[in-house]
Structures are given as C-alpha cells and as structure tokens.
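Visitor: Sequence:
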Amino acid sequence: MLWQEAILVPWKALPKRVSKLYFAMRVIEKFEEIEGRNPGETSVADLPTVLKLRNELCEAQSFTESQIPDALLERLLSGRMEFPPVCAIIGGILGQEVIKAISCKGEPLKNFFYFDA
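The sequence shown begins at 1 in the working numbering and counts up by one.
Calculated from the structure, these hints are not laboratory results.
It is possible that part of the hints are untrue.
Pair by pair, the computed Cβ-Cβ distance ranges are [said to hold, decoys possible]:
#1 E33 x E65: 14 to 24 angstroms
#2 E97 x S19: 15 to 25 angstroms
#3 E97 x L8: 17 to 27 angstroms
#4 S103 x S62: 38 to 48 angstroms
#5 G106 x P48: 43 to 53 angstroms
#6 L8 x E35: 15 to 25 angstroms
#7 E97 x E56: 25 to 35 angstroms
With a cut-off of at most 16 angstroms between alpha-carbon atoms, the simulated EDC-like pairs for lysine to aspartate or glutamate come out as follows [what the hints assert, rightly or not]:
#8 K20 x E74
#9 K52 x E65
#10 K12 x E59
#11 K52 x E35
#12 K30 x E59
#13 K52 x E33
#14 K52 x D70
#15 K52 x E74
#16 K12 x E65
Glycine included, each C-beta is placed from N, C-alpha and C at the ideal position.
Required output: the full structure, derived from the provided sequences and hints.
Guide: Shown next, in the form of structure tokens:
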C-alpha cells in the first residue's frame with residue numbers, strides 16, 4: 001500500500017533534490033511493465049523504445065525531458081552486471097534497516113534508496 005502511494009506522487013510535487021536516477025528508474029520500470037522483460041537483456045536496441053517512453057512519461061507528468069538524460073538511460077541499459085563491492089554496501093545498508101525495524105531502536109528508512117556507484 002505504501003509503495004503504491006509513493007510511486008503515484010506527481011513528479012512535480014517531488015523535492016528539487018530528487019536524483020535523476022529516480023526518474024530514469026521509473027522509465028525502466030514502465031518499460032518492464034509494458035514489455036514484460038528487462039530492457040537491454042540482449043542488446044541496447046531497446047534504447048529508442050525507452051527514450052519514447054521517457055518522452056511520454058515526461059509529457060504526462062508535465063516534466064522536461066532534460067531531467068532524464070539520454071546518457072543515463074543508455075548507461076542503465078548497458079550496465080546490467082552486478083559488482084560484489086556494491087552488493088556488499090547495499091547489503092550492509094539493508095541489514096542495518098532490518099535491525100532497526102526488528103529492535104524498534106531508530107526509525108527505519110521509509111523511502112527509496114538509490115546507490116549510484
């Protein structure tokens with residue numbers, strides 16, 4: 001329920017400091033929803049479709065396309081590898097949040113977490 005509330009917030013209502021990565025990931029999420037697969041699984045040939053979706057989402061949200069650079073989307077499509085050091089960092093942060101929730105000591109993170117390594 002909270003997830004749905006969080007993603008339905010209009011983009012214009014978000015703070016100015018929101019990372020461009022958030023918007024790029026929303027475009028990728030929309031592609032996965034429509035196509036039923038991850039973009040760039042076989043090649044970066046999906047880039048034109050992803051750029052078209054970006055334009056449609058930006059228009060629907062009254063947002064400028066420059067907020068989601070082509071280069072960022074291209075990098076997201078071509079960089080499908082996992083890196084152990086990054087996985088370790090994210091695992092540590094996730095573990096910390098789980099401990100906070102279980103122990104009731106400290107407020108767990110109630111937001112999105114994007115780590116742009």
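Visitor: Would you mind marking each hint as holding or not holding in the structure?
Guide: Here's how the hints hold up against the structure:
no.: 1; hint: E33 x E65: 14 to 24 angstroms; in the structure: holds (20 angstroms)
no.: 2; hint: E97 x S19: 15 to 25 angstroms; in the structure: holds (19 angstroms)
no.: 3; hint: E97 x L8: 17 to 27 angstroms; in the structure: holds (23 angstroms)
no.: 4; hint: S103 x S62: 38 to 48 angstroms; in the structure: holds (43 angstroms)
no.: 5; hint: G106 x P48: 43 to 53 angstroms; in the structure: holds (45 angstroms)
no.: 6; hint: L8 x E35: 15 to 25 angstroms; in the structure: holds (22 angstroms)
no.: 7; hint: E97 x E56: 25 to 35 angstroms; in the structure: holds (34 angstroms)
no.: 8; hint: K20 x E74; in the structure: holds (13 angstroms)
no.: 9; hint: K52 x E65; in the structure: holds (10 angstroms)
no.: 10; hint: K12 x E59; in the structure: holds (12 angstroms)
no.: 11; hint: K52 x E35; in the structure: holds (13 angstroms)
no.: 12; hint: K30 x E59; in the structure: holds (14 angstroms)
no.: 13; hint: K52 x E33; in the structure: holds (15 angstroms)
no.: 14; hint: K52 x D70; in the structure: holds (11 angstroms)
no.: 15; hint: K52 x E74; in the structure: holds (13 angstroms)
no.: 16; hint: K12 x E65; in the structure: holds (13 angstroms)
Going down the numbered hints, you'll see the structure goes against none, and every one checks out.
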